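J.: Each step along the sequence shown adds one to the number in the UniProt record's numbering, with nothing skipped, and position 26 is 26.
Misleading hints may appear alongside valid ones.
As the list claims (entries may be wrong) - 16 Å max Cα-Cα, derived EDC-like pairs, lysine to aspartate or glutamate:
#1 Lys381 x Asp401
#2 Lys220 x Asp297
#3 Lys429 x Glu410
#4 Lys379 x Glu345
#5 Lys276 x Asp297
#6 Lys161 x Asp84
#7 Lys391 x Glu348
#8 Lys105 x Glu77
#9 Lys3 x Glu45
#10 Lys381 x Glu403
#11 Lys112 x Glu158
#12 Lys333 x Asp365
#13 Lys381 x Glu410
#14 Lys381 x Glu364
#15 Lys3 x Glu256
#16 Lys112 x Asp154
#17 Lys352 x Asp401
It is worth saying that the hints were derived from the structure and are not from the lab.
Predicted model only: the values in this text are computed from it and were never measured.
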Amino acid sequence: MRKSVVAIVGRPNVGKSTIFNRLVGERISIVEDTPGVTRDRIYAESEWLHTNFNLIDTGGIDISDEPLIVQVREQAEVAIEEADVIIFLANGREGITAADEEVAKILYKSNKPVVLAVNKIDNYEMQDLLYEFYSLGFGQPFPISGTHGLGLGDLLDEVIKHFPEQDEIEEDDDRIYFSLIGRPNVGKSSLVNSLLGEERVIVSNIAGTTKDAIDTNFTKDDRDFTIIDTAGMRKRGKIYESTEKYSVLRALKAIERSDVVLVVIDADTGIIEQDKKIAGYAHDAGKAIVIVVNKWDAVEKSQDTMKEFEDEVRQQFQFLSYAPIVFLSAKTKKRIHTLLPMVVEVSENHSKRVRTNLLNEVIEDALAINPTPSIKGQKLKILYTTQVATKPPTFVVFVNDPELMHFTYERFLENRIREAFGFVGTPIKIYARQRK
Numbered sequence: 001m002r003k004s005v006v007a008i009v010g011r012p013n014v015g016k017s018t019i020f021n022r023l024v025g026e027r028i029s030i031v032e033d034t035p036g037v038t039r040d041r042i043y044a045e046s047e048w049l050h051t052n053f054n055l056i057d058t059g060g061i062d063i064s065d066e067p068l069i070v071q072v073r074e075q076a077e078v079a080i081e082e083a084d085v086i087i088f089l090a091n092g093r094e095g096i097t098a099a100d101e102e103v104a105k106i107l108y109k110s111n112k113p114v115v116l117a118v119n120k121i122d123n124y125e126m127q128d129l130l131y132e133f134y135s136l137g138f139g140q141p142f143p144i145s146g147t148h149g150l151g152l153g154d155l156l157d158e159v160i161k162h163f164p165e166q167d168e169i170e171e172d173d174d175r176i177y178f179s180l181i182g183r184p185n186v187g188k189s190s191l192v193n194s195l196l197g198e199e200r201v202i203v204s205n206i207a208g209t210t211k212d213a214i215d216t217n218f219t220k221d222d223r224d225f226t227i228i229d230t231a232g233m234r235k236r237g238k239i240y241e242s243t244e245k246y247s248v249l250r251a252l253k254a255i256e257r258s259d260v261v262l263v264v265i266d267a268d269t270g271i272i273e274q275d276k277k278i279a280g281y282a283h284d285a286g287k288a289i290v291i292v293v294n295k296w297d298a299v300e301k302s303q304d305t306m307k308e309f310e311d312e313v314r315q316q317f318q319f320l321s322y323a324p325i326v327f328l329s330a331k332t333k334k335r336i337h338t339l340l341p342m343v344v345e346v347s348e349n350h351s352k353r354v355r356t357n358l359l360n361e362v363i364e365d366a367l368a369i370n371p372t373p374s375i376k377g378q379k380l381k382i383l384y385t386t387q388v389a390t391k392p393p394t395f396v397v398f399v400n401d402p403e404l405m406h407f408t409y410e411r412f413l414e415n416r417i418r419e420a421f422g423f424v425g426t427p428i429k430i431y432a433r434q435r436k
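Modelling step: build the complete structure from the supplied sequences, incorporating the hints.
T.: Shown next, in the form of structure tokens:
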């Protein structure tokens, strides 16, 4: 089921990022050990009373060269667009300012639940500062202190009361849910239109799991597909196209709901750092991935052009070595017919389950070819292996001591599993566990 989304909104310098960091704790890693993957701190998962939700820090959306009041307004509009519940944050020590009133005016029109939090109320004696905030019209203000972590429990109790009821309808197991991610102007929307314009494709637009998003259901060759958030891809304007962090936020929400993620690259302009960053989110989420090189019609070609570009993709996306590459043109529809069969293949691999006896035969053969290493006189012993999950395929290797499982040997085992069972397009997770 979809997680609810909470946005923290407020003028600059009221402590949005401090509260954001308090609420997410240490769940956001600043340094990733996957090559080419970095994290934006705008969007993270949090949890309260066994309820998981996603949190947006609108202060992370920085629209430069604009008057302050315009920036505040645009950030609030992003929150209204994306959130189920909004935390309106004010500064108790400074009282109500013109910028606070500007945010309040926007939030009145949002038709979203708004919980007013007054920050920097560091002790009980400061409670008197709350009274003027009733005039903003959002009911009881909740006193909190980001610096000292005070009052956050009461605030979150109120926030989760407003979460929408989740539909208990199970998603169709046979339907493939996929999304297209990539930086602005790589042709995501054109690619969707080309896919939906193919022969024998039956299309129906349905309301998505967020109020603003429209997912598109279609059927091709008796297979049912859903493209996640086609409305989000078609948004235009400054916030939606020019703000890199906003497009990342949108991509993260689409990735969460997808089985397969199409990472779309512009063949004409080549690969840039943002491509790798966005692809890293899909990899990190454990989704099946297809790399789609669009605008292939615009590239001057020689005999080796495709091979050279493929080598460049492999070099730049080393962490996606398992992902197939599809070259096509949404504009001319050349090679567009190759995409959906690849989506089906990687989706099936993503949910593939391997019988334990076959898996252990492959591991035994791997041990015969490349015996386990010894570290400081201790030799790694692999007792048996089993698959414990799908989406992505996840394996537990029971060993005498997990500390002896070097990452290079883990990679060797992964490669042997891939050779034996395919798994094109899906990451594989392997965990070493001590047998008790």
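J.: Does each hint hold? Answer for all of them.
T.: Now for the hints, and whether the structure bears them out:
Distance restraint check for Lys381 and Asp401: the Cα-Cα separation of roughly 8 Å lies within the 16 Å cut-off, and the hinted pair is therefore satisfied. At roughly 25 Å between alpha-carbon atoms, Lys220 and Asp297 are farther apart than 16 Å, so this suggested pair is violated. Restraint check for Lys429 and Glu410: the C-alpha separation of about 10 Å stays at or below 16 Å, so the hint holds. Restraint check: the Cα-Cα separation between Lys379 and Glu345 comes to about 39 Å, which exceeds 16 Å; the hinted pair is violated.
In summary, the hint linking Lys276 to Asp297 is not supported, as the alpha carbons are separated by about 23 Å, beyond the 16 Å threshold. About 11 Å separates the Cα atoms of Lys161 and Asp84, which keeps this hinted pair within 16 Å; it holds. Annotation: proposed proximity of Lys391 to Glu348 holds, straight-line Cα distance about 10 Å (limit 16 Å). Of the supplied pair hints, the one linking Lys105 and Glu77 holds, its CA atoms being roughly 11 Å apart against a limit of 16 Å.
Taking the CA atoms of Lys3 and Glu45, the gap is near 9 Å; set against the 16 Å cutoff, the hint holds. Simply put, Lys381 and Glu403 have alpha-carbon atoms about 11 Å apart, close enough for the 16 Å limit, and the pair holds. For the hint linking Lys112 to Glu158, the alpha-carbon distance of about 14 Å falls within 16 Å, and the restraint holds. The straight-line distance between the Cα atoms of Lys333 and Asp365 is roughly 45 Å, outside the 16 Å bound, and the hint therefore fails.
Between Lys381 and Glu410 the CA atoms are separated by roughly 13 Å; this keeps the pair inside 16 Å, and the hint holds. Between Lys381 and Glu364, the direct Cα distance comes to roughly 11 Å. Compliance with the 16 Å bound is thereby established for this hinted pair. Restraint check for Lys3 and Glu256: satisfied, since their Cα atoms lie roughly 9 Å apart, inside the 16 Å limit. Between Lys112 and Asp154 the alpha-carbon distance is near 20 Å, which puts this suggested pair outside the 16 Å criterion.
Pair hint Lys352 plus Asp401 does not hold up; C-alpha atoms about 28 Å apart against a cutoff of 16 Å.
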